[in-house]
Amino acid sequence: MAYIRSGQHLLKQFHLHEDTKKNLFAKAQEVNRKDVEHAFGMLQARFAIVRGPARFFHSETLQDIIKACVILHNMIVEDERDVNEAVELDYEQIDDNPTIQLSRESTNTFTEFIETHQCTRDHKNHFQLQSDLIEHLWPLQGEL
3 MAYIRSGQHL LKQFHLHEDT KKNLFAKAQE VNRKDVEHAF GMLQARFAIV RGPARFFHSE
63 TLQDIIKACV ILHNMIVEDE RDVNEAVELD YEQIDDNPTI QLSRESTNTF TEFIETHQCT
123 RDHKNHFQLQ SDLIEHLWPL QGEL
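The sequence shown begins at 3 in the numbering used here and counts up one residue at a time.
Since the hints were made in silico from the structure, they are not lab data.
Just so it is clear, CB atoms sit at the ideal spot from N, CA and C, and this is done for glycine as well.
Any given hint could turn out to be false.
Said to hold, decoys possible - Each computed SDA-like pair below joins lysine to any residue, with the alpha-carbon atoms no more than 20 Å apart:
hint, residue 1, residue 2
1, K23, E114
2, K29, L45
3, K24, N34
4, K29, L139
5, K29, C121
6, K24, E137
7, K24, Q130
8, K36, Q130
9, K36, F59
10, K23, S133
11, K23, W140
12, K126, H138
13, K126, P141
14, K23, D124
15, K29, Q132
16, K36, E114
17, K23, F129
18, K29, I136
19, K24, V52
20, K69, M44
21, K24, F115
22, K23, P141
23, K29, T113
24, K29, D124
25, K24, D134
Stated by the list, open to error - Per label pair, the in silico range of CB-to-CB distance:
hint, residue 1, residue 2, range
26, F49, R106, 18 to 28 Å
27, P141, D37, 38 to 48 Å
28, E82, F129, 42 to 52 Å
29, V33, F112, 28 to 38 Å
30, S61, N127, 16 to 26 Å
31, R35, Q65, 29 to 39 Å
32, N127, K69, 23 to 33 Å
33, D66, R35, 19 to 29 Å
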């Protein structure tokens, strides 16, 4: 049985002899895991800060580091794009009708945020969410 580190939990990968719903979940999980591993592999190959252990960083700092690396990676890929391609990018274009709507509604309080964060680290809730994902994927099996 394979174990995959998922946040603070080790996510157990299901074997093929278990029921069909769990097999579908395992297949979807494996595809997404490979995509994430590939993306992080590309970032690790390019940026040394992502290669080593991240024990001394706060989670907010880690998020900022990953976002910065992704943005820099995308900028490098765009810069290295074949110059013969007929792609016209107009970054100075100003849209008079922005599609982003700003919300003035209040967000969660810090206490609600902490409660939600602790709920996501709860093993019982973790396995319930996993079970809910399995049930959610089952009707979508033809689309996967």
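Status of each hint after checking the structure:
A distance of roughly 33 Å separates the Cα atoms of K23 and E114; the hinted pair therefore is violated under the 20 Å criterion. Only pairs whose Cα atoms come within 20 Å are accepted, and K29 paired with L45 is rejected, the gap being roughly 25 Å. The suggested pairing of K24 with N34 holds, with an alpha-carbon distance near 15 Å, which does not exceed 20 Å. Between the alpha carbons of K29 and L139 the distance comes to roughly 11 Å, so the proposed pair stays at or under 20 Å and holds.
Taking the CA atoms of K29 and C121, the gap is about 26 Å. The hint is violated against a cut of 20 Å. Restraint check for K24 and E137: the C-alpha separation of about 9 Å stays at or below 20 Å, so the hint holds. With a C-alpha separation of about 13 Å, the suggested pairing of K24 with Q130 holds against the 20 Å cut-off. Of the pairs offered as hints, the one joining K36 and Q130 is violated, with about 24 Å between alpha carbons and a cut-off of 20 Å exceeded.
The hinted pair formed by K36 and F59 fails the criterion: a straight-line CA distance of about 25 Å is larger than 20 Å. The straight-line distance between the Cα atoms of K23 and S133 is roughly 10 Å, inside the 20 Å bound, and the hint therefore holds. Straight-line distance between C-alpha atoms of K23 and W140 comes to about 6 Å, which keeps the hinted pair within the 20 Å bound. Distance check on the hinted pair: K126 and H138 sit about 18 Å apart at the alpha-carbon level, within 20 Å; holds.
Annotation: proposed proximity of K126 to P141 is violated, straight-line Cα distance about 24 Å (limit 20 Å). For a cut-off of 20 Å, the pair hint linking K23 to D124 is broken: about 23 Å separates their Cα positions. In summary, the hint linking K29 to Q132 is supported, as the alpha carbons are separated by about 14 Å, within the 20 Å threshold. A hinted pair counts as satisfied when its Cα atoms are at most 20 Å apart, and K36 with E114 does not qualify at roughly 33 Å.
Between the alpha carbons of K23 and F129 the distance comes to roughly 15 Å, so the proposed pair stays at or under 20 Å and holds. Between the alpha carbons of K29 and I136 the distance comes to roughly 11 Å, so the proposed pair stays at or under 20 Å and holds. Between K24 and V52 the CA atoms are separated by roughly 33 Å; this puts the pair beyond 20 Å, and the hint is violated. Between K69 and M44 the CA atoms are separated by roughly 14 Å; this keeps the pair inside 20 Å, and the hint holds.
With a CA separation close to 31 Å, the supplied pair K24 and F115 exceeds the 20 Å bound. The hinted pair formed by K23 and P141 meets the criterion: a straight-line CA distance of about 10 Å does not exceed 20 Å. A hinted pair counts as satisfied when its Cα atoms are at most 20 Å apart, and K29 with T113 does not qualify at roughly 37 Å. With a CA separation close to 25 Å, the supplied pair K29 and D124 exceeds the 20 Å bound.
Distance hint between K24 and D134 is fulfilled; the C-alpha atoms sit about 11 Å from each other, no more than 20 Å. Between F49 and R106 the CB atoms are about 37 Å apart, so this pair departs from the stated range of 18 to 28 Å. Taking the beta carbon of each, P141 and D37 are about 23 Å apart, not inside 38 to 48 Å as hinted. Distance hint check: the CB atoms of E82 and F129 are about 44 Å apart, consistent with the given range 42 to 52 Å.
Separation of V33 from F112 is about 36 Å and conforms to the stated range, judged on CB atoms against 28 to 38 Å. Under the hint 16 to 26 Å, the C-beta atoms of S61 and N127, about 19 Å apart, fit the expected range. Separation of R35 from Q65 is about 20 Å and departs from the stated range, judged on CB atoms against 29 to 39 Å. One distance hint, 23 to 33 Å for the beta-carbon pair N127 and K69, holds here, with the actual separation near 27 Å.
The given range of 19 to 29 Å is respected by D66 and R35, whose C-beta atoms sit roughly 24 Å from each other.
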